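S.K.: Numbering (UniProt numbering), first residue to last: 1 to 321.
One or more of the hints may lead you astray.
[As the list claims (entries may be wrong)] Derived pair list, reagent style EDC-like, types lysine to aspartate or glutamate, alpha-carbon separation capped at 20 Å:
id, residue 1, residue 2
1, LYS190, ASP202
2, LYS128, GLU89
3, LYS190, GLU215
4, LYS190, GLU162
5, LYS79, GLU41
6, LYS292, GLU162
7, LYS216, GLU206
8, LYS79, GLU282
9, LYS216, GLU195
10, LYS79, GLU89
11, LYS38, GLU63
12, LYS54, GLU74
13, LYS16, ASP5
14, LYS292, GLU282
15, LYS216, ASP234
16, LYS128, ASP202
17, LYS190, GLU225
18, LYS128, GLU225
19, LYS292, GLU263
[Unchecked claim] Derived DEER-like restraints, expressed as beta-carbon distance ranges:
id, residue 1, residue 2, range
20, PRO52, GLU158, 47 to 53 Å
21, ALA90, GLN29, 31 to 37 Å
22, ALA51, ALA187, 53 to 59 Å
23, ALA23, GLU206, 38 to 44 Å
Hints were generated in silico from the structure; no laboratory data involved.
In this text, all values refer to a predicted model and were calculated from it rather than measured experimentally.
Heads up, the beta-carbon is just placed ideally off N, CA and C, and yes, glycines get one too.
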Amino acid sequence: MNLRDLKYLVALADHKHFGRAAASCFVSQPTLSTQIRKLEEELGLPLVERAPRKVMLTPAGHEAAARARVIVAEVEQLKEAARRSRDPEAGTVRLGIFPTLGPYLLPHVIPRIRTRFPELELLLVEEKSDVLLERLREGRLDAALLALPVIDDQLHAEFLFEEPFLLAVSGRHPLATREHLDVQELATQKLLLLEDGHCLRDQALEVCRLFGANEKSEFRATSLETLRQMVAADVGITLLPSLSVQPPVPRSNNIRLLDFVGEGRPSRRIAMIWRRSSAMNEFLMELAEQFKRLPDALFTLEALAPPSGDAATPPTPVLNG
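Start from the sequences, fold in the hints, and give me the full structure.
M.R.: Below you can see the structure in the form of structure tokens.
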């Protein structure tokens with residue numbers, strides 16, 4: 001048994017296909033298949049159920065792949081620690097970020113990171129929060145930006161910033177003439193929300209629970225951009241994170257933004273999460289500092305104040321969220 005064979009097993013667990021697994025490991029399919037069989041012989045039990053068009057891991061195969069993934073990740077951590085000992089600010093960082101944050105945050109922070117760490121290779125992975133957490137625990141990510149709370153004793157959470165929510169209504173909505181909305185007034189409203197799986201949906205549902213608002217259940221959006229367009233079409237109202245309405249993304253023409261006043265202003269708390277066992281702990285602390293230094297104006301409506309008579313409207317994102 002060697003590290004190469006364990007990598008082959010992990011690839012097969014990921015791809016569920018000998019050909020694709022072999023391609024991801026840059027070897028031929030017969031080579032990968034032969035090494036998997038040798039691994040099975042060494043362990044004395046089958047790891048894979050082989051069918052003409054489908055590959056499934058046996059229960060023992062699933063357990064072996066999970067253990068192999070940890071071993072492979074630890075070896076990569078060892079290599080990364082050695083690289084960072086030679087040059088602490090070089091190397092590669094695999095950073096996860098969820099879709100309703102990434103497109104709006106990254107334009108403000110990537111130039112800062114490139115200036116501070118010119119030799120750093122930052123690999124960004126955009127996925128839903130539950131997928132990011134799974135990959136982080138498996139060692140397939142070095143860190144992830146996630147909304148708190150994240151409850152796991154094996155993970156460190158470094159708080160970065162608090163992002164307020166704004167209420168978005170169409171220019172024809174009765175609330176469009178308001179400058180602010182008391183958070184308690186949400187009790188009379190029905191909100192458009194994202195579909196299941198998005199952490200922004202969970203955050204909005206928590207706001208609904210706290211203040212008595214309800215979901216407009218006839219429609220669920222697949223992205224933040226779809227949600228925005230439904231508001232512009234006067235289908236309903238929604239909560240938008242403050243970063244999602246900031247330049248450099250252009251404003252939409254028929255949306256009015258209302259800030260909240262009153263106790264319990266809705267928001268989400270964003271943190272950088274990484275494994276406590278990570279060899280990159282010291283560097284990730286420094287990287288987190290770059291996110292903490294975002295200007296306060298990004299979390300307010302001041303920079304969006306329109307000329308007199310115009311309606312303040314949110315921008316269109318550069319990526320789906």
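S.K.: Quick one, are LYS190 and GLU225 close enough, alpha carbons at most 20 Å?
M.R.: Distance of about 19 Å is within 20 Å: holds.
S.K.: Taken at face value, is the distance from the CA of ASP202 to the CA of LYS128 at most 20 Å?
M.R.: Given that 20 Å is the threshold and the Cα spacing comes to 12 Å, the pair holds.
S.K.: Take a quick look at whether LYS292 and GLU263 sit within 20 Å of each other, Cα to Cα.
M.R.: violated, 25 Å
S.K.: Between LYS79 and GLU89, is the straight-line Cα distance small enough, at 20 Å or below?
M.R.: holds, 15 Å
S.K.: Please work out if LYS190 and GLU162 have their alpha carbons no farther apart than 20 Å.
M.R.: violated, 24 Å
S.K.: Between ALA23 and GLU206, is the Cβ distance one that fits in 38 to 44 Å?
M.R.: Roughly 43 Å apart at Cβ, these two residues keep to the hinted range, so it holds.
S.K.: Does the structure keep LYS216 and GLU195 at a Cα separation of 20 Å or less?
M.R.: The hint holds at about 12 Å.
S.K.: Between PRO52 and GLU158, does the beta-carbon spacing fit 47 to 53 Å?
M.R.: holds, 49 Å
S.K.: Holds or violated: are the alpha carbons of LYS292 and GLU282 at most 20 Å from each other?
M.R.: holds, 16 Å
S.K.: For the pair supplied as a hint, LYS292 and GLU162, is the alpha-carbon distance within the 20 Å limit?
M.R.: holds, 10 Å
S.K.: Need the status of pair LYS16, ASP5: alpha-carbon distance at most 20 Å?
M.R.: holds, 16 Å
S.K.: Okay, ALA51 versus ALA187 on CB: inside 53 to 59 Å?
M.R.: Hint holds: Cβ distance 55 Å, inside 53 to 59 Å.
Of the numbered hints stated above, those contradicted by the structure are hints 2, 4, 5, 12, 19, listed in ascending order.
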